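Protein chains in written order, with our numbering: chain A, 182 to 441; chain B, 225 to 482.
Where hints are given, some of them may not hold.
25 Å max Cα-Cα, derived SDA-like pairs, lysine to any residue [what the hints assert, rightly or not]:
(1) Lys279(B) - Glu355(B)
(2) Lys409(B) - Lys318(B)
(3) Lys249(B) - Leu415(A)
(4) Lys278(B) - Asn349(A)
(5) Lys335(A) - Gln314(A)
(6) Lys215(A) - Asn203(A)
(7) Lys430(B) - Pro206(A)
(8) Lys215(A) - Ile235(A)
(9) Lys229(A) - Gln292(A)
(10) Lys249(B) - Met355(A)
(11) Lys249(B) - Lys270(A)
(12) Lys215(A) - Cys437(B)
(13) Lys423(A) - Gly364(B)
(14) Lys215(A) - Glu467(B)
(15) Lys387(A) - Leu401(A)
(16) Lys423(A) - Arg254(B)
(17) Lys430(B) - Leu482(B)
(18) Lys279(B) - Lys335(A)
(19) Lys338(A) - Val357(A)
(20) Lys270(A) - His302(A)
(21) Lys215(A) - Phe241(B)
(22) Lys409(B) - Gly344(B)
(23) Lys270(A) - Gly219(A)
(24) Lys229(A) - Thr464(B)
(25) Lys270(A) - Leu227(A)
(26) Lys211(A) - Lys270(A)
(27) Lys229(A) - Thr226(B)
(28) Lys249(B) - Lys211(A)
(29) Lys408(B) - Asp199(A)
(30) Lys211(A) - Glu355(B)
(31) Lys387(A) - Pro331(A)
(32) Lys387(A) - Ser346(B)
(33) Lys211(A) - Lys290(B)
(34) Lys387(A) - Phe241(B)
(35) Lys430(B) - Ile201(A)
(36) Lys290(B) - Ala261(B)
(37) Lys229(A) - Asp246(A)
(38) Lys387(A) - Ser251(B)
Everything labelled a hint here was simulated from the structure, so no lab data went into it. For clarity, every value in this text was computed on a predicted model and none was experimentally measured.
So the chains spell out like this:
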Amino acid sequence: MQIFDADAHPPYCDMEVDFIGNLTPALFFKRLRKAGIGRAAGTLLLPKSLQDAIPSENDIRRINDCTLALANAYQGEYVPGIHIHPALKTESCAEIERCANRGVRLIGEIQSAWLADLEYHEALSEIFACAEQFQMFVSIHPDNPEQLRPWAGKFAKLNFLYGSRQHNGIAPVMSVSLLREYPNLYLRLSQVIFLANYYLHTFADKFPVRQVLFGSGYPLCNPAARTAGCLWELRDQAEDTKRMIFFENAAACFTAVQKE
Amino acid sequence: MTQYKIIDFHAHPCYDFHLANHGVKISHERFRDDLLANGITAVCGSAIWADMTKKEPAAYEEVCIKANRAALACRDALGTFYQPGIHVHPRFIKTSCEEIAWAKAHGIKLIGELVPYMMGWSRYSSPEMLEILSYADELGMVVSMHPSVPDDMEALAAALPNLKLVYAHLGGYGQYESHLALMKKHDNVYFDYSAHGSDFDGILRKTINEVGCDRILFGTDYPGVNPASDIAAVLFEDLTPYELECIFHRNAEELLRL
């Protein structure tokens with residue numbers, strides 16, 4: 182079965198990653214291939230110096246140039262996601278427009294802290310409106326799925342690809358009603374809770390299958406473990422369902438990029 | 225299914241922590257069949273369930289005995305597939321020692337996984353626990369433990385250098401460096417790979433390069449965690465067939481004299 186990973190993050194540069202050592206883009210894609218993953222979508226994994234501080238306009242542009250270059254080098258394997266930041270509202274919108282014109286359809290990584298910070302709401306609204314205009318997918322990390330409800334309703338034509346940070350088992354329960362209510366929400370299976378036994382096995386029958394995408398979280402997680410874990414949980418599902426979750430849903434979401 | 229024989233050193237019969245969310249009861253038969261379906265042919269560990277947590281301290285004498293009898297009942301149901309582990313509690317030294325003797329008399333060789341955070345206590349190196357675990361040492365038991373804080377894990381390993389200590393969740397809770405340091409310093413310290421290990425690509429190769437492959441045990445933490453993911457994580461690492469054999473079964477067989 183073909184596997185499309187909707188949550189993978191190539192390194193911004195050659196960088197030290199815990200346990201892996203020096204992670205290069207070549208090694209990143211080699212490890213994914215070893216795990217049976219042929220395509221991956223996601224933003225770049227940034228060095229700590231760029232993660233911890235608010236980036237400058239130049240930082241954002243440099244990161245996204247690197248993303249575009251990597252997408253060019255790994256055509257057919259890598260679906261690029263660009264970085265934006267609500268502290269750089271105007272620059273982020275400009276980046277969305279610039280990169281959309283080069284085929285990019287994914288922006289990220291929207292943090293739960295940004296969603297919780299009222300000072301960022303106006304900026305996020307403008308950024309989301311811009312992204313909606315270019316039919317983007319937004320990669321978003323809410324504390325719990327309910328945090329998405331106001332955004333999914335306000336931007337009904339914008340697609341949100343989310344994985345909750347919550348580990349306690351309530352998140353899948355919340356996701357059932359949210360996914361049914363908002364067809365523009367897409368659930369990534371890279372959340373830790375889906376490695377817990379019998380969650381995906383049970384909830385695969387309750388989720389709208391079209392809105393569920395496999396994701397590994399690599400290199401922060403082990404892609405072979407995530408793949409095998411999801412396959413085991415989906416063992417009683419029809420082959421069509423597995424194909425949708427592991428490949429076809431992501432391919433449909435990112436069709437524009439695949440045609441580039 | 226892998227070609228390797230697999231012993232799961234870390235699993236829990238009677239587990240019901242997620243039952244309210246997904247509604248699937250893990251019977252003894254499901255416990256066995258899910259693991260067998262993943263190629264796991266033997267499993268070790270203590271019985272735990274949600275209702276045993278957050279009780280008054282005095283209640284844990286009864287809870288320990290109840291869990292230990294439940295573990296024995298699981299072995300009665302599943303035969304040699306399941307190697308029980310028993311609970312002890314520092315508040316009840318006499319009862320804990322009696323439970324160890326009871327376990328020994330029933331052919332049980334394992335204490336744990338001990339889960340102090342579920343039972344209202346925290347330190348393995350307290351005088352009370354040292355008394356209990358000294359007795360376990362005398363009887364040749366092996367102890368499986370949820371990791372505590374580094375200074376406590378270190379103090380226990382130093383106080384009872386002949387007692388085989390298997391800490392759970394190698395690298396979990398951001399403690400990899402202290403876990404590795406503990407293994408380097410104390411030959412009686414082992415780690416199982418369950419649950420958290422499978423999140424880290426490369427953790428086994430790095431650990432084996434530092435301390436060898438003789439003190440790492442395969443574990444899943446099933447039913448909490450999906451067993452397929454842990455097996456795949458081990459196979460994904462760049463390990464030799466001998467290293468895989470050690471982790472998947474040889475080390476557990478040697479430790480528990482299976």
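field: Violations among the numbered hints, reported as their numbers in ascending order
entry: The structure breaks hints 2, 8, 11, 13, 15, 17, 18, 21, 22, 23, 24, 26, 27, 28, 30, 32, 33, 36; every other hint is satisfied.
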